[in-house]
Amino acid sequence: MPSSVSPQVKLLRKMVELYSPTGQENEIAQLLKGEMRSFGLESRIDEAGNTIGEYAGGDSTILLCGHMDTVPGRIPVRMNGKKLYGRGAVDAKSALAAMISAASLLTVEDFPGRLIVVGAVDEEGKGRGVRSLIEKGIRADYAVFGEPSGAENITIAYKGSCRLKLTCRTKTGHSSAPWLFRNAVDETLSFWRRIQRIHFPEEKTESRFHSVTSALTEIHGGGPSSTVPSFCELHADFRLPPVVPSKRLLEAVSQAAEAYRLSRSNLELKVEVEDLCEPYEADRESVLVRGLAWAIRNVKGRPATLLRKTGTGDMNLLGNALHIPIVSYGPGNSKLDHTDDERIDFDEYLDSIKILQKGLVRTLELHDKAVRKHSVSVGAGH
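Using numbering that gives the first Met the number 0, the first residue of the sequence shown is number 0, and each one after it goes up by one.
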């Protein structure tokens with residue numbers, strides 16, 4: 000790599016060159032521990048395997064949390080002009096590298112707040128890294144989660160997810176007389192089609208974000224060709240808008256399952272929850288959103304776009320657990336996530352560092368202004 004390349008680009012290249020699929024994050028964790036330390040952060044690796052860097056510059060705390068792991072599948076790392084190709088270049092090593100780089104620049108500027116920078120494990124799995132932070136009682140006033148939004152955009156909302164397993168058992172018999180037996184595969188699909196139609200008055204069914212959506216992700220069943228299937232297992236993924244918490248969906252599915260069982264003899268139907276993550280939407284008027292939006296206009300010369308995404312991420316876990324202003328932000332086109340064409344543009348990456356740097360300073364300025372205004376208001380009340 001040419002000596003003229005910036006430390007920020009060098010950091011990103013090092014990170015992308017280390018293959019770190021979920022469960023194999025130790026090498027990159029060690030790398031980031033050293034890099035954070037060299038950038039002026041006190042760094043360590045916690046019990047879950049997260050790399051944590053800290054800077055104590057004031058009372059207000061901002062958490063910057065990205066993930067070190069990627070989906071499996073190596074991509075040859077290469078540079079082509081101002082673009083870097085490789086697994087994790089978009090999802091989401093560039094966002095994490097931008098956070099570390101912005102934090103390093105803020106330490107030099109004597110940033111008047113406390114920074115906690117986390118490289119989390121297992122985001123592409125079940126969120127073990129972020130769940131561990133929550134269990135250990137991490138505290139912050141504001142948080143940014145590193146995911147590709149594009150440098151000019153801020154993600155303020157993600158849908159929730161509810162993954163279900165449906166299991167159906169029936170009595171079997173010879174396929175030459177199918178009218179005598181209940182076909183477990185047919186019954187499971189029939190029930191699946193029924194719960195696919197579940198909707199709620201609060202939804203906006205014309206909107207992909209503001210409505211419940213669902214996908215059948217896996218199905219197993221059947222046996223010998225001369226036998227009516229007596230067993231079927233189906234896995235489904237529901238995505239939930241903020242107006243529909245998982246409890247509402249599960250109640251509706253449970254009622255549908257009970258009604259289905261009562262309408263069928265010689266049939267066992269079981270519904271199990273495999274994973275849950277509640278939807279989350281940030282306050283678009285928070286000082287964090289306003290601070291980052293100001294920085295985007297300052298750096299890019301145009302207004303920020305606020306995004307609502309149909310996916311689900313660790314931002315949901317942090318937002319619902321900490322109850323603080325939180326957004327997702329990072330360079331890159333999320334349409335390249337998990338593809339063989341993952342790539343990041345260096346200009347966009349470097350712009351995102353400037354936006355984080357300026358945006359976090361602006362956030363604390365707005366925070367202090369709001370605190371002073373509140374103090375004056377309370378004083379006047381007395």
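Hints were generated in silico from the structure; no laboratory data involved.
Backbone N, C-alpha and C define an ideal beta-carbon position, used for all residues, glycine too.
It is possible that part of the hints are untrue.
For each label pair, taking beta carbons as the anchor points, the in silico distance ranges come out as [as the list claims (entries may be wrong)]: (1) Asp282 / Arg138: 12 to 20 Å; (2) Ser206 / Gly72: 28 to 36 Å; (3) Val4 / Glu53: 38 to 46 Å; (4) Glu41 / Phe199: 17 to 25 Å; (5) Ala251 / Gly136: 28 to 36 Å.
Results for each hint:
1. Under the hint 12 to 20 Å, the C-beta atoms of Asp282 and Arg138, about 19 Å apart, fit the expected range.
2. Judged by the Cβ atoms, the range 28 to 36 Å given for Ser206 and Gly72 holds: they are separated by roughly 32 Å.
3. The given range of 38 to 46 Å is broken by Val4 and Glu53, whose C-beta atoms sit roughly 27 Å from each other.
4. A hinted range of 17 to 25 Å for the beta carbons of Glu41 and Phe199 is inconsistent with their spacing of about 47 Å.
5. Look at Ala251 against Gly136: about 34 Å separates their beta carbons, and that is inside 28 to 36 Å.
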